[in-house]
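Peer 1: Read off the chains here:
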Amino acid sequence: MEMNQPIGHTPLDDRPDGLVGKPLDRVDGPLKVTGRAPYAYESRALKDPAYGAIVTATIAAGTISAIDADAARRAPGTILVMTHENVPEQGEKKEQVWPQLQGREITFYGQPVAFVVAETFEQARAAAMLVKVRYDRAKPKGLLRDSLAEAYEPKPMVTSPGVKPDSSLGDFDGAFAQAPVKIDVEYTTPSQIHAQMEPHATIAEWQTGPDGDAVVLYSANQMPNRGQPPLGSVLKLPPERVRIVTPYIGGGFGSKLQAVPEATLAALASKMVKRPVKVALTRQQEFHVATHRTDTIQRVRLGADQDGKLTAISHESWSDTAIGDGFYESSANVTRSLYAAPNRITRHRLVNLNMPIASSMRAPGEAVGQLAFECAMDELAERLNLDPIELRIRNEPTEDPEKRIPYSTRRLVDCLKAGAERFGWDRRAKPGTTRDGQWLVGMGVSAASRQNPLKPSSASVRLGSDGVLVVRMAMTDLGTGTYTILTQIGGEMIGLPPEKVRVELGDTNFPKASGSGGSFGAGSAGSALYVACDNLRDTLATKAGFNSADATFANGTVSAGNRSVALKDLAGSEGIEAMGEIKPGELEKKFAQYSYGAHFAEVGVDADTGEVRLRRMLGCFTGGRILNAKTARSQAIGGMIFGVGAALMEDAVIDPRHSYFVNHDLAEYHVVAHADVPSVDAFFLPELDDKANPLKSKGLGELGICGAGASVANAIYNATGIRIRDYPMTLDKVLKGLEQGDTQRRT
Amino acid sequence: MKAFTYERPATVQDAAKLVAERPNASFIAGGTNLLDLMKLQIETPATLIDVNRLPLAQVEDTKDGGLRIGALVRNSDLAAHPRVRKDYAVLSRALLAGASGQLRNKATTAGNLLQRTRCYYFYDTAMPCNKREPGSGCSAIGGYNRIMAVLGTSDQCIATNPSDMNVAMRVLDATVETMDAQGQIRAIPMGEFHRLPGDTPQVETDLRKGEIITAVTLPKPVPGTHIYRKVRDRASYAFATVSIAAVIATEGGRVGAARLAFGGLAHKPWRVAAAEEALVRTGSADTAADAVLKGARGYGANDFKIPLTRRTLRAVVAQATRA
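Line by line, the protein sequences give chains Y and X. Everything in the first sequence is counted per the numbering used here, starting at -6 for the first residue and increasing by one. Everything in the second sequence is counted per the numbering used here, starting at 10 for the first residue and increasing by one.
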């Protein structure tokens, strides 16, 4: 199926009380809590693996003058020390997957320089510490701010070649100059680390056979089909000779969208030692060997008339990435569609630094873009003496302001209003006027918006003689609930209870699927399954002698008129199979497709110490059809909590002397703990988007983080009257404002 | 992690003997800090002496009305002990402000005394650090030093002692009790137990080779309001930017007696007699803060700790005099 026209009525519309939408517990929950869901590093499918450990560069720029690996080679259990001197020949870099151990040049701290393979984990790690690398150091380039003069317009990203880094409409300069009310502010956001629980891990086996070489990787990977061509390129294998198996993933947030060096190194080492090799990154290595979210500098300019109607919008963003790479943080993309204004500019600029590889992290672009833009809107509302919700309502567009096409659905204003009512927004007072003991209390709001893409996906379904429907696709479950929603879709479409549906994911031997990322997983994979089930329904109905349109599927039977046939009888001993495929079509060009929401935060700021603590938070969202009320809410509040971290603490600090992240462990890189999130809730407004996909659903995985941190930042302002424009808003920055306020009061 | 020999002595004195005899031997109790240090090869003991089964896990009343806390009493148990909660609330509060529930269940009293700094550069063997590798230099000076010390620093080291418990122990005038290989007992006042970095930042305590900590004793309870105020970057599982352990007795809304110890500021829990006297004499938290912060020096990113200490002390004194 290609999404060229609205889907119309579907079997999922027949039963509003059906399986789809129910808050079904995770079908893989019992496996996970009892430790029977093997993650990449725990798989026992490949026998007798050796253990790998990565040695990384301790400088950010320069060359290797010598590697002394004698002691490591002599250490107990060592099988191989792989360096640039003996690594097997590799192919070209593709996307963000680089060939490893290439030559002597070092361009970032944490760049792998050797790979040690030993009989045990402890031996590999101890031997890795014995590898002595000497360097000729060069001065690294590590700060975006210092390199802005070199910033250039990046090429469109490989993943979205149609999206240009710059856009403009009308005459921004003229309109901004004439605007009676103006905001011109700079916001900065720091580098961030995904900090997912499961580290990057791979067990690789290089296989040689009469048909040529192949490699199997049990590897934590969000998008195994996308992973095949880059790994194939680097390993000099055709993509189909790279098999990636990844049934369970312990979080990724974008850091596992592509293979990380550990997968390539394990595959190359397996080729050399002729047995499986397993390796996981250490938590410290996660900061440098894996990817991170780049820091950004963003300038937002808003021009409005006295009534708060925007006449000019400009959003510019600078970010940085590794030497030789072109990834840029698309902070301003969301600004192109969010609010109406006739004159507008968005612009992205990039700098290459001696830093590790920057890449996607949960809601790349929107997450940090809305941290800046939604605060700038708050500043404008303040300047206009207008409620920030009212400001947004006055600038609600009737069509996508840059593409000039209608929205498929858009209920941003409804979300703002419904959320405000439930949150008690009307109790918000003037900045710095609400006090609760030592706490200065304030409320903040922000809009949330995230693009809803559809990616090509396919699925196979097979109904067996046991009446069990087996679903297969190379889709992944990051811990988000994919197994569960696919079970629900399959069950409802074929009329089976959840226990009669078995979903098998995470293997490139299965039909190709989108994988998980960019909020497209549920919609894309779910739609492929929908189509497969629709095809299976046709086959089953025909076999039962029914007109497919009249047949209903329920309780393990297909019925029409007064006749019912058991599905397992129709399946017979051979079983019945069907395939399904979904592709994006004309509708994504004809309609602007986004999920929307509104965040409301209440914070307390300690008047003495500047500590900021969230008191409560509420999100109101729309995401088309909700496939599972429980996993959808979990996604939403998970994103909101992520946003609280971005606002208050997440900060991978760069030491410019060494161009590296100083606080590279989870003791000093802070993500929110339970105590930081006393009360957070989310709810959804009903919506069906018949132009998005056959499920009429939209992406939710990243919506929750979009704008969440801005609502917290705006609440800090409302509590204190202190506007901080440098994320995260740690107590030292708040303290500076409190001290200034005290000084002003004294004088 | 480097391979090591594992020993489990039967008696406290055997443990002391082992650590005296073996080159490069370490005790292991909760292991909540040591194991991390070993994985990163910041500490590479050749022998680990497991003391977990030694009979040092009791909390007992002393004859003079104080409390003797065995070296192996877990942080969770100590925080929940009825006498600690009743008579030494500042200690209970400090313990519960530290680490996470899981860590407190494992971490011991003696282990907490010996907890090592959280300086970023100390934890990275690629970076110079005088504490880890004497003579290699201090990366924190001129580097990112938001969590570093502002008092008692040297040009060799600006690391802090990260423990919350130690700050409370200091304010309570605890005594650390040790035994050596000959079975000799020694009592070290808390104020002398931890050292300033000076030219030997690698030497963090007054412990001698071959000594094992057997207990920490508290003198009889100090009357007053017990406060532990920890200013931190997140609500749980974060080390103090600044913390204050205070026991303040008030008479008619005025400070009658005061004890103040500070965490997050120095290589050891910081206590200044003149500050306590000033607070009693003047009732002014600012005057007391002047005495505490005498000679304080920021290194850039940690400059905020100086005004933060002053403001936090004001809040603590206000809380005590309100109570």
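It is possible that part of the hints are untrue.
To be verified - Subject to a maximum C-alpha distance of 16 Å in a straight line, what follows is the list of computed EDC-like cross-link-like pairs (lysine to aspartate or glutamate):
| no. | chain 1 | residue 1 | chain 2 | residue 2 |
| --- | --- | --- | --- | --- |
| 1 | Y | 729 | X | 312 |
| 2 | Y | 582 | Y | 380 |
| 3 | X | 11 | Y | 380 |
| 4 | X | 11 | Y | 112 |
| 5 | X | 26 | X | 220 |
| 6 | Y | 410 | Y | 380 |
| 7 | Y | 148 | Y | 88 |
| 8 | X | 48 | Y | 562 |
| 9 | X | 48 | X | 70 |
| 10 | X | 48 | Y | 658 |
| 11 | Y | 536 | Y | 562 |
| 12 | Y | 726 | X | 312 |
Treat the hints as calculated values from the structure; they're not laboratory data.
Peer 1: Return the numbers of the hints above that this structure violates; sort them in rising order.
Peer 2: As far as the earlier hints go, 2, 3, 8 and 9 are violated by this structure, in ascending order.
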